[in-house]
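K.L.:
Sequence:
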Amino acid sequence: MNNILNISTYKFVPLPDATALRPVLLERCLARALKGTILLAEEGINMFLAGPAEAVRGFVAELHTDPRFSDITPKESWSQTVPFKKMLVKVKGEIIRMNHPTIRPA
3 MNNILNISTY KFVPLPDATA LRPVLLERCL ARALKGTILL AEEGINMFLA
53 GPAEAVRGFV AELHTDPRFS DITPKESWSQ TVPFKKMLVK VKGEIIRMNH
103 PTIRPA
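According to our numbering, the sequence shown is numbered sequentially starting from 3.
Don't read these hints as lab results, they were simulated from the structure.
Model, not experiment: these values are computed from the prediction.
Some clues are possibly wrong.
[Stated by the list, open to error] As a list, the in silico EDC-like pairs of lysine to aspartate or glutamate whose alpha-carbon atoms are at most 16 Å apart:
1. Lys94 / Glu44
2. Lys94 / Asp19
3. Lys13 / Glu44
Based on the sequences and whatever the hints tell you, model everything.
P.N.:
As structure tokens, this is what we get:
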């Protein structure tokens, strides 16, 4: 039975507080026993998460309370096991690598 919900999503949105947001999102994910990766940058957020459906959807609902993320609509898929070994939240230079310093999507 495929009972693990996997989500992926990204959004280009200004996040000048990406560094401060990192521990907040990590704690929320750990409290729900989620696994995966969230990338934060000044240009936005990129997520790949997995866990029980209720936990994943609860995290997304909490994320929606932040006006910057209120319209995020993750893509969903299902698996029998969690495809990630741990939960990481990283602050990076870019959420989607473009290698072009003049492009500022957010």
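K.L.:
Against the earlier hints, flag every one the structure doesn't satisfy and list their numbers going up.
P.N.:
Violated hints: none; all satisfied.
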